Amino acid sequence: MLETSFLNNIGLEHYLVLSAVLFSLGMAGVLLRRNLIVLMMSIELMLNAINISFVAFSKFNNNPEGQVMVFFVMTIAAAEAAVGLALAVSIFKRFKEVNIRFFEHLKG
Amino acid sequence: MNHQILIAILLLSPVVGFLLNGVRFKSANYVLAGSIATGAVFVSFICSVLLFLDLVSMPAENRRIAVEFFTWIAVDNLKINAGFVVDQISSIMILIITGVGTLIHLFSIGYMHHDKGVTKYFAYLNLFIFNMLILVLGDSLLTMFVGWEGVGLCSYLLIGFWFSDSAKAAAGMKAFITNRIGDAAFIIGMFILFMTFGTLNMHELNALAPTTIEASWLGAVTLATLMLFIGATGKSAQIPLYVWLPDAMAGPTPVSALIHAATMVTAGVYMIIRLNPLFIAAPNTMFVIATIGAATAVMAAIIGLTQYDIKKVLAYSTVSQLGYMFLAVGVGAFGAGMMHLMTHAFFKALMFLGSGSVIHGMHEEQDIRKMGGLKKYMPITHFTFLMGWLAIIGFPLFSGFFSKDEILWNAFSSPRGGELFWIAGVIGAILTAFYMTRLMALTFWGKSRLDSKVHPHESSLIMTIPLMILAILSVVGGFVGVPHVIGQYLGHIPNFWEQWLEPVIRAIPANEFVATHAADHEGLEWSLMGTSVALVMISALTAFYFYIIKPGTSEKVRKIFGPVYNFVNHKYFVDEFYFAAVINPIVKQSQNLWFYVDVHFIDKMTYWTADIVKGGGRVAKSFQTGNMQQYAMYIGVGIVVVLSFVLMR
Amino acid sequence: MILSTLIFLPIVFALILTAWPQKSTIRQLALGFSLLQFAVSILMLKDFDSGFAGLQFVEKFSWIERFGISYFVGIDGISVMLVMLTTFLMPIMILASWKSIDEKIKGFHIALFVLQSAMLGSFLAVDAILFYVFWEMSLVPMYFIVGVWGGARKIYATVKFFIYTMAGSVLMLLAIIFMMRLTPEVTGGNISASLLDFYKLKIPFVAGEFFTAQTLLFFAFALAFAIKVPLFPLHTWLPDAHVEAPTPGSVVLAGVMLKMGTYCYLRWVLPLFPEASAHYAWLFIALGVIGIIYGALVAMIQPDVKKLVAYSSVSHMGYIIIGIFVMNSFGVSGALYQMLNHGISTGALFLLIGMIYERTHSREISKYGGLAKAMPWYTIAFVIVTMSSIAVPMTNGFIGEFLILLGSYKYNPWIACVSVSGVVLGAAYMLWMVKKVFFGPAGEIVSHAAVDKEHALHDLSAREIAVLVPMLVLIFWMGLFPNHFMDYSKKSIDHLIANQQNYSLELRAEVKMGDK
Amino acid sequence: MNNSIGLSDILLISPLIVLFLFSLIPLTGKVLNNNKEQNPASSLIVALIGLCVAGGLLVVFGGSDQTAFNGQLLFDGLTQWAGLIALLAAAGGLIMMYENTSTQGKQFSELIFLTMNSILGMLILVSAVNLITLFIGLELMSLSLYLMIAMSNEQKISKEAAIKYFVLGSFASAIFLYGVSFVFGSANTVNIVDLMANAATLVKTNKIFLFGMSFITIGFCFKVSIAPFHAWTPDVYQGAPTPITSYMATAVKTVSFAAFLRVMATQTLNGSQNLFDVLQWLAVITMTVGNVAAIMQTNFKRTLAYSSISHSGYLLVGLITAGISQNSSYSAASVLFYLLTYSVMTMGAFAVLSMMEKSENHFLTNEDFSGFAKNQPLLAFCLTVFLLSLAGLPPLLGFFGKLYLFSAAVNEGLMWLALWGVINSVISVFYYLRPIVMMYMKDGNADIAEHPQQATTVLVVVAAIFILIAGLFSGPLFTLFEKSLG
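Taken in order, these protein sequences are the chains called A, B, C and D.
Residue numbering for the first sequence follows our numbering, beginning at 1 and increasing consecutively.
Residue numbering for the second sequence follows our numbering, beginning at 1 and increasing consecutively.
Residue numbering for the third sequence follows our numbering, beginning at 1 and increasing consecutively.
Residue numbering for the fourth sequence follows our numbering, beginning at 1 and increasing consecutively.
Just so you know, these hints were derived from the structure itself, not from any lab.
In this text the structure is predicted, and so the values were computed from the model without any measurement.
Any given hint could turn out to be false.
[Stated by the list, open to error] Straight line, CA to CA, 27 angstroms or less: simulated BS3-like cross-link-like pairs of lysine-lysine: (1) K116/B with K453/C; (2) K96/A with K106/D; (3) K26/B with K453/C.
With the hints as extra help, turn the sequences into a complete structure.
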């Protein structure tokens, strides 16, 4: 019989794996996608993965501090998004372009 | 007078002359320059005579005037003073140097009067006299070495006196460098002696010299003396370092007379005589010296047969005669060597000056093929040259006879000698007689082969007076050391020479042979003497026949010996050999050395290092593509590597 | 205060020069300053007690207390003559630069004074870090002297010089730091950079094993100094630097800077690492011997006079290294004396080459010939200096070379036998050069100058005579009366040789003028 | 848990408050005047006064080892000194901004606002003992910087630099934060002071904690540009306006290292030999990569950027030393001292560069320095001093920085790192000499921009004088650092 207990007993590991998967997906997004906006979304994804792990740790360690931290992270993420989008907008206005492969003048 | 002051004047008078002439070296006033220089040397000569007289007045066992001026070098146990010694040997040397020197200076006034650099010339000459005096008077080997190198320097300057001619400048350089090779060995010799005996003072060295014979070739004394002897071969133009002397004839002729005949070149012989106790303790060295001396005597004489340059003939003759002297000291006849040194100084200086007079009278012509019959143009020169000729071929009762005979007898009879040495000596004498007669014949006698434009004339008095004085010395100089066998028939003339030198010459340990059984071997000595004199006469007559009676004979003989003649005429191709085997390879390999080691190895290594760094830079640069995702990738890879290392290991 | 005065007076001079408004009098001012500096050094020499083996005129102030680094200067017999050499050469260099340096005069003299200060500091420092500061500080002005006032390939030469020297010295810095870390053993807990405390260290040495403390430290120091000397095969920066440097630069480089390397062997390497230096002496002697012969051979084929003299420096410095590493009083005295000789004779050679270069703008040997006719006084000076360089007796060069060879013979006869060949080769290349340049028929340059009135070859000017006469006088003075110079260092050298294993130096504070 | 906020807290954070308030003044003035740029000189003076006041308050209230807000912010010697260095660097940066062509002009007030807020973030960063607070400081600093870079008058590469910095910076922040979450999960706290007690043991026993610490370390490595996380540095430094590059290279580096030092002070390295090894390797790689890549550069700014990377390598050596040292105040002081010297000389070099930029699109290559010494002897001399000091030549300050840093390393037995350090100094001489060669030994007509730049000149000269003479008095300074860190 197939062992399915790991599907029923959701523990810390599951959250951490989820967080890791999300984090990795975010990283992969940063590494692979060309569109600046998508890149920023990937970073948001990474931050949210972190939030999951914070909350998970908070829950399993019985330490509410972790949940407080999530708020901090969300705030920062918002600020980051604001700055990022501002940059993206200003750049798009100037260059009509958000493909990051376009920005390779600085090198060597 | 105080000895210290006397020696100071002796030494410094030429320095003053040098400085006086040196600072106004551009002047062409030959009278002033010549008077200053000659005067300076003459003052030294007076001092030498005074010192000699003082020495004579001293008791025989204490004949030694030693003075110290200041401490020159003092490091650890090495203490070298500016100290000078006048003793039996050096007193003779200073007399020769200043005496003959004065005459040659005098001669130079006439000889050089038309030269623009006359003042400079006299300055150099004075400097030479100074250095030569240091050489002979120095009380330690190192002080001697000062003069030893100093005379080399002066010789360099004087050989290259007419430096505008590349060949002459090169000759000077060759002389200096060849001498330096010897000097390097001399330095090593000094080191060995210093390490063995702890002193370089020659008086102390002689006292410390072992009285027993050192049989090993690798003994300290043997090695040291061998090294010193190599130094002597450089200075005194012996095989294998003789090559510079013939070239040294590039200098003015009086220089050849003074430096390359009378004084400097005999320094090696003088050094050996001065250190005779050391050399006696090393029979192996003595054997080498005698062999080299004999070989040089014969070899140089053979070259002398084929030369046409009047000075070259005399130069090879000098080499050959120096070989005689080394043969003498090599077989232990130090007295005879010293005596030959003196007589040779007289007659060879005479002949060189004579040749100078000829060259002067012939307007710088040196090729004897273009002379002949000069007798009638230059009677005084001819007559004095004749005296020199008789002396050098060893005509009985002329000075050269006594000294040469003494050498030959010792070569035969000395415990360090042998029949072969005697034979070599006799062959040398025969050859000498031949080429000297040839020289006389081609130059002064026979038919004139002069260029029609040349009008030879006798030289002025200032040049002929030195010739005459030297001629007298060449004739009578030998009587200071008449051998016992002859002396007893000439009204029992004692052998002053041997008596004079006796206290400073150590006897060869097994030397009773000659001393005690001399009478028994009187017959042998007479017969040997007779043989050699007879052979010499025959040789001289043959030469006379070749060049005067039947002038074409020499050509025929030369044809018979074709290739051999060529070989000899080119001095056995020794110069060429040295160039091909030593100098050129060194220069060539130096070029390679520089090219491959400096440029292609060391610098390349530096560049490689730089290239490696730059290559690293290029790699680092190539990672910097400008693509930010690639940068993120580095971070990702970095994370993976770091984590795997941190967590997995 | 006399030593601090010596070290910092040049800095003050440099500052005054910086502020000096008049361009035209800078040279005279600098010359006056350098003479003043020389006078100060003579005052110091007058009070120097040659009968005392330790350090004199000692000054010590705490500088960086945290690391036991102090401003600690002193002078002993080993350094005194080198200090004198430095101050002596300075006015000569300034006078020699009169014509050859015609732009940025102010900067040039400032660089010279800073350089002088750094060099004096290196000779006088008794604190490791202080020494290192001065040692490295000397690079910068030299770098500018070569780089700004140099010849065609000046940048290549000066960068090579800088990087080579710096590469060597950083390892020394590391070694100094390491040794400082060891000092608490001997000072009772306090870290110290004082050389005297370094001397007390007993650094473990295992013969034959490279990776032991003393061996590594020894090589770190020795490498730094070997590059400066320069020892074969680290010498290639020298010919380039010499060729490109302006005349005063070459003079100071050959005259003093190379001596910093050899001096430091005596001051640092031998007493600090006695076992290692004895154990590895063969290596340095071998390199010295190779340097002698290699330098001479390579000098022989150089087409450029300056390069020839530069390689001759390599050869001469080989002698000095041998003299130092044979570790007997002959060798060391000879080496110390040879340092002075080389400073004088090679310095003079560079001055002379500079003088002719000013006239003809060429250093190619093949273009010369027959110069003796055109410039007789110049020729006389050159030949005298040549004689000094090839160690003819009665000139200074002989004393040094003889003592070194004697010392090396005492150490091992074969060394003397091989290195004596340098005596012959030295004569060969120098005389060959003299012959080509001065003798023979008039060469391209001389015959050109004879026709062209504008480029006529004038003989020495009064200024040039003033430059050369002190050098020539010293050549003979040092050759005839070496004791006048050696007496200063005798005690210190004897002390070094006798106590190499347990080296220490007594200290004596400044003696008031007059009361000894 | 006592949650009350008292006067002492306010006093402690007074420098931060002052900074924030002063940052508003020019901006408010601008907003109130129809969004018209006010006199930039007065804005600058206001900002400088703000920095001075903040610095003064930091001197007075900082360094007392007191904590504010229940141990969230720690004001010890490190905070004080790193903060002062950062303030100094900010002042220098502002002066440059005032006169540089790519930053002066109609947005100067905003620039001042952002600068002062980023310095505010820096002060939070250095004083934070809680990893989250630390992260907030980091973000405050970084976000301001992204904008400052993008605000350049230059329109092309500065935008590219801003984007690159932003994306990679956020990416690294996320990594850092991910690490924080794991530390939180394993140690149940993110307070460094609490961690200090048991980090060494936790590292040994708890893989999760080690995992988290590694991520945090990597996050810092990114900020201080340790290879291979350095790739953004050259591009961003080159693209950013020179004054801001200077600010980044000095202030940001200083505070990042200070915060890094705090994390390292948890003795993590003593627990994990592996992390210790990795960091050593990273130090060596960083020094080497920075130096060798700098050699190949032609753009002077980029050269300085690579040089900044290599200096990070040297600093990492000191940091590792501090991390394993039992008496870490010595090593920490050497790091701090090096940061000070590095900041002054780098700032000086960038200031000279900033003066030479004739327009916002002017990028200086090495050739552009030819003949500079002839036209501007004083500035050329100052630049020479900065470069030689960067190369570590005595008696300049840079030498003493290296001396203390490497002696600390040798003291801890990290001989081989010191060896690499000095070898790299030799390599670095290669490129530091290049502008000097150009300035003094090549002919040309390099000159500074024509508009008046007295303020920057003063800055350069003061920095040069400091470097020239501070070396001689570096002993007391170092002792001061060490005492305040002890």
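Next on the checklist: So, against the hints stated earlier in the document, which numbers end up violated here?
Outcome noted: Going through the list in order, the structure violates no hint and respects every one.
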